[in-house]
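Asks: Given next are the chains, with one letter for each unit.
There are 2 protein chains.
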Amino acid sequence: MSRWEPDARGRLQQAAIELYTERGFEQTTVAEIAERAGLTERTFFRHFADKREVLFDRSNALLELFVESTANAPADASPIEAVTAALLSAADMFESRRPWSTERQKVIVANPSLQERELIKMAGLGIAVAATLRSRGVAEPHASLAAEAGIAVFRVTFERWVADDNILPFAEIVTDSMAALKVVVVDAAATTRQNA
Amino acid sequence: MSRWEPDARGRLQQAAIELYTERGFEQTTVAEIAERAGLTERTFFRHFADKREVLFDRSNALLELFVESTANAPADASPIEAVTAALLSAADMFESRRPWSTERQKVIVANPSLQERELIKMAGLGIAVAATLRSRGVAEPHASLAAEAGIAVFRVTFERWVADDNILPFAEIVTDSMAALKVVVVDAAATTRQNA
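Chains A and B, in that order, give the protein sequences. Counting along the first sequence from 1, when you hit position 17 you're at 17 in this note's numbering, and nothing is skipped either side. Counting along the second sequence from 1, when you hit position 176 you're at 372 in this note's numbering, and nothing is skipped either side.
What the hints contain is simulated information worked out from the structure, not anything from laboratory work. Take the hints with a grain of salt, since some may be wrong.
[What the hints assert, rightly or not] To give an idea of the interface, some chain B residues facing chain A are shown, with a C-beta separation under 10 Å as derived from the structure:
#1 Ala-267
#2 Leu-315
#3 Ile-316
#4 Pro-337
#5 His-338
#6 Ala-342
#7 Ile-347
#8 Arg-351
#9 Glu-355
#10 Arg-356
#11 Leu-377
#12 Val-379
#13 Val-382
[Claimed, not checked] Have a look at the derived ranges for each label pair, beta carbon to beta carbon:
#14 B:Lys-378 with A:Glu-18: 44 to 54 Å
#15 B:Ser-292 with A:Glu-18: 50 to 60 Å
#16 A:Pro-99 with B:Gly-220: 24 to 34 Å
#17 B:Lys-317 with A:Asp-165: 26 to 36 Å
Just so you know, even glycine gets a beta-carbon here, dropped at the ideal spot from N, CA and C.
Start from the sequences, fold in the hints, and give me the full structure.
Replies: And the structure:
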């Protein structure tokens, strides 16, 4: 009974995000997702552990990408340069599915338990990047501070990128947000003037 | 039956942290905590919603302190200066109970569900400080970046402060960690050299 379903995974994700948006995450069942996708519950569970994991299926891929890009940054790259390279390396992954990311963000913002899951994912990214920086020879607290500052830039970038009125590409917002971080952390007077 | 118990709250917290350290958080019951403190379960539940909240009873106080100190920083303080003032304002609260903080940290590190609760607390601090910066006239993304960088410094500071071999006061580690953040974010070459 495990006949091949063309792009079952993608159809299930599309059906799920539609239903989460229409009815809310809590109110949607796996049976409804499968029905909307024209598939069985059994097929759903071959692809996803539960309805929450539909929204977090790329978490591991993102973590691996961040770790790999941080590790493979040029040997003379500073910690924050390595972290910036990691954020930029995720641009293609995000750009290829902007509508999905935008809808996903709205579902998550509307649901505290999903927000918690997202926080845990972000913390995991920071921990993994810090460990990778240490393996590049960066000492503490510099490794953790560079990693966590990078994740702060990633979060801010992501929120700016999925905003309804945004027209900028992900990579450009990474660069702009990293520049804003430098202004905030160092050129204090400039920030104050800018916002006066 | 609600007779006054001298420092019931403190005795319950002390009993709880002892038991969490000896047996593990999951293996400890409210009945055992009350018994160790020489009090009743009923008294426990007058002070704490559940055994987890014993470890998070100062979360709201810390959030209020951060928000108040950020709001009350001098009008000409930059965002990161206001956030630094907020972190320093918490020094007395922490120093007054360093043994508690140290034991609490070990219990939390040993338990994933407590780590998640701690992450959510930290995220809440960042969100509240960012909102306070916006009310000071700081625009986005600067407000969120200053707040999240500040919380990253707070986390790093806290971990350094509770480390077994630490002899430095909390306030000094805040200042040192904030300086390390500036090195990491801006003086990239210096960080690389330092760790070469």
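Asks: Does each hint fit the structure? Answer for all of them.
Replies: Against the structure, the hints:
| no. | hint | result |
| --- | --- | --- |
| 1 | Ala-267 | 15 Å, violated |
| 2 | Leu-315 | 5 Å, holds |
| 3 | Ile-316 | 6 Å, holds |
| 4 | Pro-337 | 5 Å, holds |
| 5 | His-338 | 5 Å, holds |
| 6 | Ala-342 | 5 Å, holds |
| 7 | Ile-347 | 8 Å, holds |
| 8 | Arg-351 | 7 Å, holds |
| 9 | Glu-355 | 8 Å, holds |
| 10 | Arg-356 | 7 Å, holds |
| 11 | Leu-377 | 5 Å, holds |
| 12 | Val-379 | 7 Å, holds |
| 13 | Val-382 | 5 Å, holds |
| 14 | B:Lys-378 with A:Glu-18: 44 to 54 Å | 46 Å, holds |
| 15 | B:Ser-292 with A:Glu-18: 50 to 60 Å | 53 Å, holds |
| 16 | A:Pro-99 with B:Gly-220: 24 to 34 Å | 46 Å, violated |
| 17 | B:Lys-317 with A:Asp-165: 26 to 36 Å | 32 Å, holds |
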